[in-house]
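Participant: Here is what each chain is made of, one letter per residue.
Protein chains: 2
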Amino acid sequence: MYRTTTCGDLRIADVNKEVTLAGWVQKVRDKGFMIWIDLRDRYGITQLILDEARTDKAIFEQAKTLGREFVIQVKGTVIEREAKNKHIATGEIEILVHELSVLNKAKLPPFTIEDETDGGDELRMKYRYLDIRRNPVKENLIFRHKVAMEVRKYMSDNGFIEVETPYLIKSTPEGARDFVVPSRMNEGQFYALPQSPQTFKQLLMVGGMDKYFQIVKCFRDEDLRADRQPEFTQIDCEMAFVEQDDVLNAFEGLTRHLLKEIKGIDVAEFPRMTYDEAMKKYGNDKPDIRFGMEFGELNDLAQNKGFAVFDAQELVVGIAVPNCAHYSRKEIDALIEFVKRPQIGATGLVWVKCNDDGTFKSSVDKFFSETDLAAWAERLNAKTGDLLLILAGETDKTRSRLSVLRMEMAKNLGLRKPDEFAPLWVVDFPLLEWDEESKRYHAMHHPFTSPKKEEIPMLATHPGKVKANAYDLVLNGNEIGGGSIRIHDKATQKMMFDYLGFTEEQAENQFGFLMNAFEFGAPPHGGIAFGLDRLVAILGGQETIRDFIAFPKNNSGRDVMIDAPAFIEEAQLKELNIKLDLPLKK
Amino acid sequence: MYRTTTCGDLRIADVNKEVTLAGWVQKVRDKGFMIWIDLRDRYGITQLILDEARTDKAIFEQAKTLGREFVIQVKGTVIEREAKNKHIATGEIEILVHELSVLNKAKLPPFTIEDETDGGDELRMKYRYLDIRRNPVKENLIFRHKVAMEVRKYMSDNGFIEVETPYLIKSTPEGARDFVVPSRMNEGQFYALPQSPQTFKQLLMVGGMDKYFQIVKCFRDEDLRADRQPEFTQIDCEMAFVEQDDVLNAFEGLTRHLLKEIKGIDVAEFPRMTYDEAMKKYGNDKPDIRFGMEFGELNDLAQNKGFAVFDAQELVVGIAVPNCAHYSRKEIDALIEFVKRPQIGATGLVWVKCNDDGTFKSSVDKFFSETDLAAWAERLNAKTGDLLLILAGETDKTRSRLSVLRMEMAKNLGLRKPDEFAPLWVVDFPLLEWDEESKRYHAMHHPFTSPKKEEIPMLATHPGKVKANAYDLVLNGNEIGGGSIRIHDKATQKMMFDYLGFTEEQAENQFGFLMNAFEFGAPPHGGIAFGLDRLVAILGGQETIRDFIAFPKNNSGRDVMIDAPAFIEEAQLKELNIKLDLPLKK
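Note that the protein sequences, when read in sequence, are chains P and A.
Here the working numbering runs 52 ahead of the position in the first sequence, where the first position is 1.
Here the working numbering runs 52 ahead of the position in the second sequence, where the first position is 1.
It is worth saying that the hints were derived from the structure and are not from the lab.
Check the hints yourself; a few may be wrong.
Pairs involving identical chains hold if they fit within one copy or between any two copies, as the list cannot separate such chains.
[Said to hold, decoys possible] Subject to a maximum C-alpha distance of 30 Å in a straight line, what follows is the list of computed BS3-like cross-link-like pairs (lysine-lysine):
(1) K382 / K312
(2) K519 / K504
(3) K542 / K190
(4) K505 / K127
(5) K159 / K504
(6) K269 / K631
(7) K198 / K269
(8) K332 / K109
(9) K405 / K69
Just so it is clear, the structure is predicted and the values come from calculations on it, not from any experiment.
Please model the entire structure based on the sequences and the hints provided.
Facilitator: Below, the structure is given as structure tokens:
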């Protein structure tokens with residue numbers, strides 16, 4: 053061992069001890085007759101001291117040659133520090149150095165290894181091994197480890213068995229998003245990397261494994277929106293002989309355990325809300341309920357009063373933004389510009405100020421009386437001093453626009469507090485959703501989700517209205533988990549594939565093994581999967597997952613540090629029985 | 053929840069309780085007026101009883117229709133059993149059924165769901181979800197979970213951080229064994245699946261992470277010998293600021309913890325043996341030391357005594373097989389046939405019986421005196437009643453042959469006891485090994501292994517003799533882990549790549565990121581990786597890893613259950629910018 057103790061350990065009680073430390077040179081302060089060095093390792097920083105009077109001349113001179121991030125080993129005596137540093141745990145002592153070895157030199161790093169660095173994102177990613185030396189990144193990775201350990205502990209203590217499912221599986225019909233792997237031994241054939249272990253965990257239930265979990269990498273080759281990764285980690289779970297409430301209770305338990313153990317926070321029973329209610333109240337299936345500003349629908353109060361802009365629309369809906377009645381014309385104009393941006397697409401925004409004196413001032417004073425506006429304010433649960441913001445239009449789009457505005461106002465008002473945690477179950481998701489592009493219904497969750505039994509007949513008449521035994525766990529406006537009770541009989545599963553536009557042959561070819569399994573005694577079962585990257589980021593009080601992943605990829609799916617993906621050799625392609633088929637560049 | 057309790061829970065103290073159970077029908081015994089059903093779930097078996105006197109007629113009739121593996125739910129009263137079954141935990145009670153629902157029917161399974169099944173390997177794999185219902189397979193998976201949990205607990209308690217490294221990485225020059233993944237977004241380029249997280253864990257050390265571990269899937273596209281899998285699981289570890297002994301001590305601690313916690317066995321300090329000694333004493337770098345039969349070299353005693361077969365050879369070497377002097381001519385002939393098999397390739401076998409009366413009887417009585425044979429016996433530490441078996445020939449091959457014979461004898465004599473555990477460190481492995489095919493030296497461990505510093509000059513003159521700071525952990529004749537102290541400076545790493553026949557361009561292209569990282573302050577570091585599949589199998593007292601993997605692949609790398617790999621659609625290939633390039637079949 054190159055050290056007897058770490059750079060985070062020594063205290064005043066250790067004075068006079070002879071110690072050996074090893075680590076990185078964080079900083080050298082050379083006063084000519086005296087040199088201080090901050091020595092850093094994973095555990096902290098310890099100050100080293102060398103001076104002309106007490107240090108061997110050769111060592112003293114050598115210390116002057118040390119640069120930032122040099123790796124050194126020192127032997128020395130723990131002494132009490134004159135000027136104590138209360139900001140670090142080792143701040144009462146320093147090491148009077150009497151031996152010094154340079155274990156490795158270092159070139160000047162391309163950015164500073166400090167909590168606040170001067171390195172941009174791409175540079176930090178290219179030199180991720182240096183970025184990881186920085187406390188915030190290092191602490192995030194250690195935090196992630198702690199969360200994963202607690203997840204495993206809780207699940208295992210509750211009788212769940214972690215089972216490793218295979219990574220080399222079979223491509224599925226939604227295969228456009230599969231990464232595939234050519235098989236050398238099976239010419240012309242491909243494995244696929246799993247988008248999730250869905251079918252395997254269901255087979256484990258058929259296999260009687262009863263309670264399964266796994267922290268597992270999943271893969272999706274989709275065009276990367278901000279803050280998505282082609283490989284991501286799930287906490288994947290499944291239970292047999294359960295109904296929806298059993299799954300919700302089990303994973304509410306897990307989430308509560310994490311909040312308690314990791315954050316020290318006790319959370320009351322999680323509220324449950326239907327999908328329909330979430331859309332109506334928040335315009336969103338993952339509402340952030342750390343703050344209010346619930347939607348109020350104003351059709352009955354605001355239509356047919358002569359304001360044509362409202363009258364023609366399917367929905368008039370608003371929110372009361374707390375304490376913003378004082379907004380200036382300029383501030384309000386900025387909000388109007390905000391909702392008119394093409395990404396949001398509203399044509400305008402109606403506002404009403406609930407003045408402190410009980411009067412109202414609005415952009416539609418010409419059309420509505422004080423009494424009208426008072427009724428709106430009441431509907432929106434507004435208080436004196438609030439600002440009402442109202443949109444009108446086609447129902448789904450308008451709700452979605454108002455949801456974006458609600459989140460923007462919350463951000464501006466500092467209501468999205470990273471240290472506050474408001475979990476919520478959203479239940480009764482629709483089974484299907486209409487896809488404009490392919491002009492057919494797709495499974496909203498996945499094709500193994502069971503429709504609510506009593507609504508199955510509606511599949512034939514109003515497929516879009518059929519609800520599923522499907523649920524999401526939402527935390528602070530983020531979906532951190534989603535799952536469903538599954539279909540567990542062949543007839544229903546076949547029917548679902550049929551509704552989803554699979555031919556019998558496709559269904560058999562892709563999922564024959566699952567439907568066959570259902571014929572050999574499949575128990576009722578259901579489960580859930582949590583996105584670990586997102587969960588860890590939110591628990592860590594941050595928004596982006598990338599800082600909680602050791603070696604993330606960029607938005608083009610590249611690892612810029614190792615420069616992957618890359619071209620491979622012709623011989624390797626030949627072995628795999630494939631060749632490139634590149635489009636001609638213009 | 054479909055049940056109030058499981059099939060493993062109920063005891064005599066529960067008599068008179070009303071319970072709901074769900075599970076699989078293991079067996080129905082229909083005596084006409086009375087029906088017993090064994091109901092099974094993950095936790096055990098509970099006997100159900102229905103009879104004409106006490107059971108509703110409709111339910112009684114329904115019970116007669118139940119088949120094996122039907123999934124049912126019953127409500128009933130716990131009653132004391134007349135004929136108690138001491139072999140199962142619930143054997144004192146049974147359930148008098150008053151409600152019965154069939155949750156799912158089952159076709160007759162293709163093999164029996166019993167501890168000893170009538171299903172062959174391929175059938176069991178095709179219906180793995182049924183195989184998993186069998187106790188031995190189910191218990192193996194639960195055992196694996198327990199081992200993995202204990203590994204994580206120990207590592208985490210000892211300050212190791214589990215960091216997830218990426219699965220989509222870059223192909224390496226030994227890339228023939230890489231699985232590759234075409235990138236859709238980066239045309240014509242490929243990711244590779246990791247054969248191990250080697251470079252990433254080294255970068256974590258450069259990043260100051262200090263103590264890393266990960267239980268992680270690795271991938272190798274090699275022709276599958278028996279009991280290898282294209283995807284396998286490693287316990288991967290790395291430590292900074294350590295020397296070889298520190299790594300050995302840390303992972304001896306882990307192994308001892310597992311033996312204690314999982315098997316209840318206390319093991320003394322693990323013996324350490326050099327590679328050279330292991331080869332000399334056991335002809336093998338992973339010797340099984342649960343039993344003796346150490347090699348004894350007889351050149352000085354057996355050569356130049358007129359037996360030409362020995363005289364011409366590089367090595368004469370033997371073992372003393374305990375208590376086998378009584379072997380018949382036929383038994384000895386079988387051993388001779390054994391070593392002459394082409395897989396072993398010896399040309400003959402010399403034997404000496406150490407008779408109970410102190411005399412010797414051998415196949416070479418004509419050439420050697422009793423005194424000669426007594427000297428051999430002494431050299432081989434033989435006791436009266438032992439059988440000496442002696443081979444001669446070229447050193448490496450002869451040792452290897454005798455090693456196979458030693459293991460065969462141990463197997464025949466029942467010395468390879470599955471409940472006995474004899475760990476051993478083998479250290480000081482050679483740095484390089486000669487490859488006949490490519491006519492050059494390859495890294496024996498991998499190109500990042502550091503040569504012993506004092507032997508570096510020998511690289512130029514006797515590269516095959518240079519030893520590395522490399523070590524294996526051997527358990528009961530199996531390599532369960534291997535590792536090394538790594539190179540941590542660019543100059544040495546470049547030199548190694550040069551010795552291994554990399555051009556400067558290849559080295560830069562493939563491992564430039566690592567060599568660059570070494571220039572920014574890399575600490576001394578080293579580590580180890582354990583094969584989890586093998587470790588679990590050995591701890592479980594078994595030889596094959598496949599029974600400890602939920603969904604294993606067969607020897608052609610196929611998952612016969614889901615039928616993967618498989619052909620994919622033309623459109624999907626097009627999206628990935630590749631096409632098939634199949635050899636013409638003759």
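Participant: Hint by hint, say whether it matches the structure.
Facilitator: Cross-check of the supplied hints:
1. Taking the shortest Cα distances, K382 and K312 never come within 30 Å of each other, neither inside one copy (44 Å) nor across copies (72 Å).
2. Taking the closest pair of Cα atoms, K519 and K504 come within 30 Å of each other only inside a single copy of the chain (6 Å); across copies the shortest separation is 67 Å, beyond that limit.
3. For the identical chains of this complex, K542 and K190 are inter-copy neighbours only, at 25 Å across copies versus 49 Å inside a copy, given an alpha-carbon limit of 30 Å.
4. Taking CA atoms no more than 30 Å apart as the test, K505 paired with K127 passes between copies only; the shortest distance there is 23 Å, against 73 Å inside one copy.
5. Only between protomers do K159 and K504 lie at most 30 Å apart by alpha-carbon distance; the minimum there is 26 Å, versus 63 Å within a single protomer.
6. Within a single copy, K269 and K631 get their C-alpha atoms as close as 28 Å, and across copies as close as 28 Å, so both meet the 30 Å cut-off.
7. Taking CA atoms no more than 30 Å apart as the test, K198 paired with K269 passes in both settings, with 18 Å inside one copy and 21 Å between copies.
8. In this homomeric assembly, K332 and K109 never come within 30 Å of each other (Cα to Cα): the closest approach is 77 Å inside a single copy and 51 Å across copies.
9. Neither within a single protomer nor between protomers do K405 and K69 lie at most 30 Å apart by alpha-carbon distance, with minima of 70 Å and 65 Å respectively.
Of the numbered hints given earlier, the model fails hints 1, 8 and 9; all others are met.
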